[in-house]
Structures are given as structure tokens and as C-alpha cells.
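Could you build the full structure based on these sequences and the hints that come with them?
Chains as they are written, first to last, in my numbering: chain A, 1 to 205; chain B, 1001 to 1205; chain C, 2001 to 2205.
Please keep in mind that the hints were generated in silico from the structure rather than gathered at the bench. Wrong hints could be hidden among the right ones.
Said to hold, decoys possible - Distance condition first, Cα-Cα at most 25 Å in a straight line; then the derived SDA-like pairs of lysine to any residue: (1) LYS2177/C with GLU103/A; (2) LYS1192/B with ASN67/A; (3) LYS2203/C with LYS136/A; (4) LYS2177/C with GLU1181/B; (5) LYS2136/C with HIS59/A; (6) LYS2131/C with ASN66/A; (7) LYS177/A with GLY1165/B; (8) LYS2203/C with HIS59/A; (9) LYS2192/C with ALA2202/C; (10) LYS2192/C with VAL65/A; (11) LYS136/A with SER205/A; (12) LYS2192/C with GLY1165/B; (13) LYS1177/B with GLU2181/C; (14) LYS192/A with ALA1080/B; (15) LYS1203/B with LYS192/A; (16) LYS177/A with GLY1166/B; (17) LYS1136/B with TYR1079/B; (18) LYS1177/B with LEU2107/C; (19) LYS2177/C with ALA170/A; (20) LYS192/A with ASP153/A; (21) LYS192/A with MET135/A; (22) LYS2136/C with ASN67/A.
Claimed, not checked - Have a look at the derived ranges for each label pair, beta carbon to beta carbon: (23) ASP2028/C with ARG133/A: 51 to 57 Å; (24) ALA1035/B with VAL2065/C: 44 to 50 Å; (25) THR1071/B with GLU123/A: 36 to 42 Å; (26) GLU11/A with ASP1028/B: 52 to 58 Å; (27) THR71/A with GLU2110/C: 41 to 47 Å; (28) GLU1032/B with THR2071/C: 47 to 53 Å; (29) VAL1014/B with GLU32/A: 48 to 54 Å; (30) GLU127/A with GLU1110/B: 47 to 53 Å; (31) GLU1139/B with ALA112/A: 50 to 56 Å; (32) GLU123/A with GLU2042/C: 55 to 61 Å; (33) LYS1136/B with ALA151/A: 46 to 52 Å.
Glycine is no exception: its CB is placed at the ideal position from the N, C-alpha and C atoms.
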Amino acid sequence: MALRFKPVDNEFYVLFQTAAGHLVQGADILAEMLAEGADRSEIASRMRDAEHRADETTHEIASRVNNTFVTPFDREDIYALASGLDDVMDFMEEAVDLTVLYEVGTLPAEIAEQVEVLQRCAELTAETMPKLRSMKGLEEYWIEINRLENAGDQSFRRILALLFGGAYDALEVLKLKDIVEALESAVDAFEKVAHTVEQIHAKES
Amino acid sequence: MALRFKPVDNEFYVLFQTAAGHLVQGADILAEMLAEGADRSEIASRMRDAEHRADETTHEIASRVNNTFVTPFDREDIYALASGLDDVMDFMEEAVDLTVLYEVGTLPAEIAEQVEVLQRCAELTAETMPKLRSMKGLEEYWIEINRLENAGDQSFRRILALLFGGAYDALEVLKLKDIVEALESAVDAFEKVAHTVEQIHAKES
Amino acid sequence: MALRFKPVDNEFYVLFQTAAGHLVQGADILAEMLAEGADRSEIASRMRDAEHRADETTHEIASRVNNTFVTPFDREDIYALASGLDDVMDFMEEAVDLTVLYEVGTLPAEIAEQVEVLQRCAELTAETMPKLRSMKGLEEYWIEINRLENAGDQSFRRILALLFGGAYDALEVLKLKDIVEALESAVDAFEKVAHTVEQIHAKES
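Here's what the structure looks like:
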């Protein structure tokens, strides 16, 4: 892809890698929250910081698109990829935020499955962003993300069945359902990111 | 419309008709689930099969768009129509899936009204897809879908009022609300499909 | 901006101002609903009327875009702005509608904070639409809407914490959560409108 030789454009790849790096941090912070006796409000404030850094990277990408004549791929695809990565962070931050806001007691252990899927998706995405330069080795990415999304969906459904299984009262179900739905939305947002990468690949290669 | 004479393009009309046909099957499976003593897990597995066939048709349309130089109408409209039809199936499958997952007892009889609306929308859409070739007789379609969507919305609101009327405990309300909301989303997705057809008509004719 | 001298185009600015005017009325009707002993069903029917007028304006803008050769700015931006304004009204109407449908008793006083934010957003938006002609003084608009959205988000979170704080039973939480979420969605929809204005400004000026 000729553009890789234009220094100005390479900055986009760096910024996407930075954006994906924020998601790796976010998913790890999410995992900390599941630990016994975790200091949730401290974790929530670190999550907010990570989310703010992600916002800044998103805005940096957006303004760069507006001020660059030759972009490595279509402007709308750059926007879609940047906002897709941003959506993941928003949903992860929402899950942490609601856990504190609702003063949830112990989270069901099964939530760890969803968080592990998110950590794996984040790592994969961070490893993949640099490959947008060469457009090589991207197919494994979206195939694996789709596999992870299916696994995450199974966990999500198991947790819903558990919540409605009678062990929780209605208020607790309401609280926990919001949290697991936020995590499920974060996994779905990763799938959208992978789909955007697939579309960019289809156009550019 | 000159394109009707290009054999390669006609395949799109066939695929849209196939996609709408999956929705007719899906809506009928949904109706079976309302019957007294229905074997819900068996019905759910048939619904999953129908949903997988719908996915395959959607992917077939998408890959055909990528590999066709002259499409019968704008690529983004073909995508919008294909994914709109796919959304309907996803919401219908979700309704069946949640009914099994939540181990819901008897479903409120009023849900039959929503399902009848979905069956009618599916049949109408299947009858209408072939008319995209000639772009004739489409207006009746979106007018009738809008009418059906309003009827579906009234049923949805009646059911919500019923659920919160005191006859159900909070956990049951939570379960049933998710199901009727999935059905309402399926009806809304049909309205989006009709809107896409209206936009295609506005551009092409 | 040369287009301001083309009389035909000015109609779009008038229509956007009309659309924003409907939102000012809607937000005020919403505020009436919070008053002690308000006649909610009468208020709900006035809200429906306001929502219908908003729909008509939206359709008028859409059909004008289809029938105009030179539009003041990109067609998709005109659609985005029109449907963004329409979304705000739909969410405000939903909040009123659910309050009547669920036969909610007294609404938590904190809801007034969300409604005040919506009133302020509506007024600001109505004042701003005419400025789309000159593209002057728009930046203050999206900055202030973002500030209001953050304030609205804080109110929303305070109300959620209150709902889950133990003072309400699960059914009441379910009802009130739907209503405050509709109000929060209306505020978010205003933020999207401001974002669309920002994008139009970036392109046109």
C-alpha cells in the first residue's frame, strides 16, 4: 500500500494503536474490579481517567481527519474505526460506573467470563491495529473476534438465566442486568470494530 | 428500469425475496410458540436454524455487492435493505430465545397481537421484494407497514400497561418486558425496511 | 456564505427554527407534568400534538431536500439535523407517555433537574438554528450543550442511585427508570444535534 511511505499518514496507525492500548488498560481495570475486596471507587476513578484518555485520542483522530488531505483510507472508515473503539471504552466504563453507583454487593463469578473475553478482544485489537499499514494478517483478526463474541454471548445468556433463576431478588436482578448488558455491549462493540476492519480491508486491498 | 434486463442484477431481487421468505418462516415459528403446551426448546432450535439461514442470505447479498460492478440500486441502499431484513430476524429470534432462557410460564394472550402484526409485515414484505424490479406498487407497501407498525405499537403499550397493572410480580415483569420489547423492536425493524424501500423508490424512479 | 442570497434555500433555516420551536414547546409541556396535581392525560395529549407537529416539520424538510437542487449544506447533514431534532421530541414524548401508561404516582423531585436541562437545551437550539445562515456564533452553542449534557448526566446518575437506594420497590424502580432513561436519551439527542451542527460548521466555514 503506497501510503505507508507517506509519513503524515502513518500517524493514523499510531493513533489507532494508542486507542486500542487504552482498551487494553480499560479491560484490565475491569478485571481488577472483580477481585474480592477491590477498592471499587478507586478503580472507578482510574477507569474514568482511562476513558478520558480514550476520548482525547478519538478527538485527535477526528481533527486529524479534518486537517489531512490524503488519508490512508476513507475518512468515514477512519471515523467508524475511531468511534467504534471509543464505544468499547464507554461500555466498559459504564459497567464499572454502575457497579459503584448501584452499590452492588458481590458480582456473580460468571461475570469474569465476559471480562476475560473483553481482555482478549482488547489485546487482539491492539496487536492488529499496526497491521492496517500492510493490510496483511487481518482476516485472522475478525474471525477470532467473531469467535470471542460468540463465546461472550454464551456467557451473557448463562448469566441472564442465573439472574432470573430465583437466587436474586428483583432489585438485584435489575442492577446486575444493567452491568452484564453493558459488558455484552462492549463485546458487541469489539465485533463492530472487527467488521469495520473487514470493510476497510475489502476496499483497500 | 433498464437494469431488469441485466441477468446478473436480477439475482439481487431473488436474494431479497429469499431474505423476506426467512422472515415469513420466522414469524410463523414465533406464532407456534404461543400455542398451549408448545415444545418451546424445539421451537427455539428451529428459530435458530431460520436465523442462520437468514444470516447466510445476508452475507450472500453483501459479498455480491462487493463483487458486482453494476448494482440495481445504490450499494448502501442494498446494504441497508439486507441488514434491515436481518435485524427483523434477530429480534424475532431474541424473543423466542428469551422465552426459553427466562423459563417464562404462560405468555400474556395479548402478545399474539404483536406476533400477528409481525406475520402480516413478513408476508407483505415477501410479496413486495419482487416489485423492486419494476418499482411499481411499492407505495401501498410502506403505507400498510406504517399502519401495521402503529397497530403493533398500540398492542405493545397495552401489554406494558397490563404488565405494570399489578397482576405480575417484578421479576415476571422484567422477563416479559424484555420479550415484548424484542417483538416491538422487530416491528420497528420492519418499518425501517419499508422506509429503505421508500428511499430506494425516491432515488430510482 | 453565498447561498444565503438564494431565497429558495432560506426556507431550510426557517424549517429548522420551526423544528427547534416544537422542542421548546415539548420541553415546557414536560415541565408542566411535574407540577403537583397536574392533569397528566391532558398534558399527554398536548404532548402528542406537539410530537405530530414535529413529525410534519421533519417530513417537510425531508421532502424539500428531495426536491431542491441547491441545498444550503450537504443533504445528509440536513437529514441528520432534522432527524436529530425529531429524536429529541420522540424521547420527550416517550417520557410523558410512560408516566401516564405506568400510572406513576409522584415523580421524584430530582427529575425536575433533567427537565430544566432539556428546557435550556431546547431554547439554546432554537436561538442557534438561525445562526446556521451566517455560520457565526455556533461554537458557543455546542460548548454549552456539552456542558448541559454533562449536568444532565450527573442528575441522571443521582436519580438512578436514589431509585436503587432502597426507598422504592422493584416495580416502581422499573417504571421510573424507563422514564428517567427517556429523559436522559432526550438530552443525549440534543448533544447529537450539537455535534451535527459542529460538523456542518467544519465543512461549510
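Against which earlier hints does the structure fall short, listed by number upward? Structure breaks hints 2, 3, 12, 15.
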